[in-house]
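Chemist: Sequence:
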Amino acid sequence: MTEHVACTGAVNAVKEVWEKRIQKHSDDLKREKQFQLKLVRIWEERVSFTKLKEKVTREDGRVILKIEKEEWKTLPSSLLKLTQLQEWQLHRTGLLKIPEFIGRFQNLIVLDLSRNAISEIPRGIGLLTGLQELILSYNKIKMVPKELSNCVSLEKLELAVNRDICDLPHELSNLLKLTHLDLSMNHFTTIPAAVLSMPSLEWLDMGSNRLEQLPDTIGRMQSLHTLWLQRNEIACLPETICNMRNLGTLVLSNNRLQEIPACMAGMASLRFVNFRDNPLKLEVTLPPSQSADDEEDRELFGLQFMHTYIQESQERADNQVSCSTTLPVSADADG
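Going by UniProt numbering, the sequence shown opens with residue 1, and the numbers climb by one from there.
Among the hints, a few may not be true.
Only pairs whose alpha carbons sit at most 35 Å apart, straight line, appear in this in silico DSBU-like list of lysine-lysine [said to hold, decoys possible]:
#1 K142 <-> K53
#2 K55 <-> K24
#3 K69 <-> K24
#4 K20 <-> K30
#5 K53 <-> K81
#6 K146 <-> K97
#7 K140 <-> K66
#8 K73 <-> K97
#9 K53 <-> K156
#10 K53 <-> K73
#11 K146 <-> K66
#12 K146 <-> K156
#13 K97 <-> K66
#14 K140 <-> K97
#15 K51 <-> K97
#16 K55 <-> K146
#17 K69 <-> K142
Derived from the structure by calculation, the hints contain no laboratory data.
Input sequences plus hints: build the corresponding full structure.
Modeler: Structure representation (structure tokens):
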């Protein structure tokens, strides 16, 4: 019995020794693999950083990172060695995300990442208080973070053709220097309240959305001089549009308008309009032009069309009122 116990103990001891050796060998292999992977990552980072440095140029005194039509789905952390960059221009690279460390690039003036596959704007974007232009058109962004409102120097924001953006956080009304905003080809059903409250906005494109009407508060956009609203579902215009005293360009083609507000005839700053492809109630024929040059310059559904339409609409309304107020002559009066 004692010999059996001793034999079993010896076997267990040998087994334990072998298990420890196997475990140690396995751990050594794992550490070796991790070390090799770390070396590979370090090498890839160095190669990527070398490639990035080759893409850095100087134009008009700015330090610019410019990459186009090369695959860069992610940006390496080694990019942080180039925090002196003032502008990023990365187009058609397949970039999937803006790096979380974007806020470390305090010298950035322009961030142009259009035509990529970005699905999210990181909240760290709000740390870029000196950023003047943010261009993220032709991506896959679905929402805009409120932290973007901290980019107090922002003058130009382009979010066109992201398809799924349907609203903006109200905090963006704090972008006091924003003059240019492109929200075309998204899913907006109304002009966001934040946009209506941007005090310096001069140029707005909301074409190819799902707008059904314009808010009465649109008249508060006193700085706006260009408004693109083509390819929407707008059925009528509010009278308050006539309060936009600086509006010079208004594009309303491909909507559902049936009437043009008479007050628009008094919009003195209006220089270009387009009412093409709307189901307007009246068919208006423009008077013949005075010369061939006038014919070439004339927009078929432009400013002259608008004034002619309003004039004919008023004349028809006056005629209807005149007819309705004329008393019929009785048979007794004739006798």
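Chemist: If you check each hint against the structure, which ones fail?
Modeler: 2, 3
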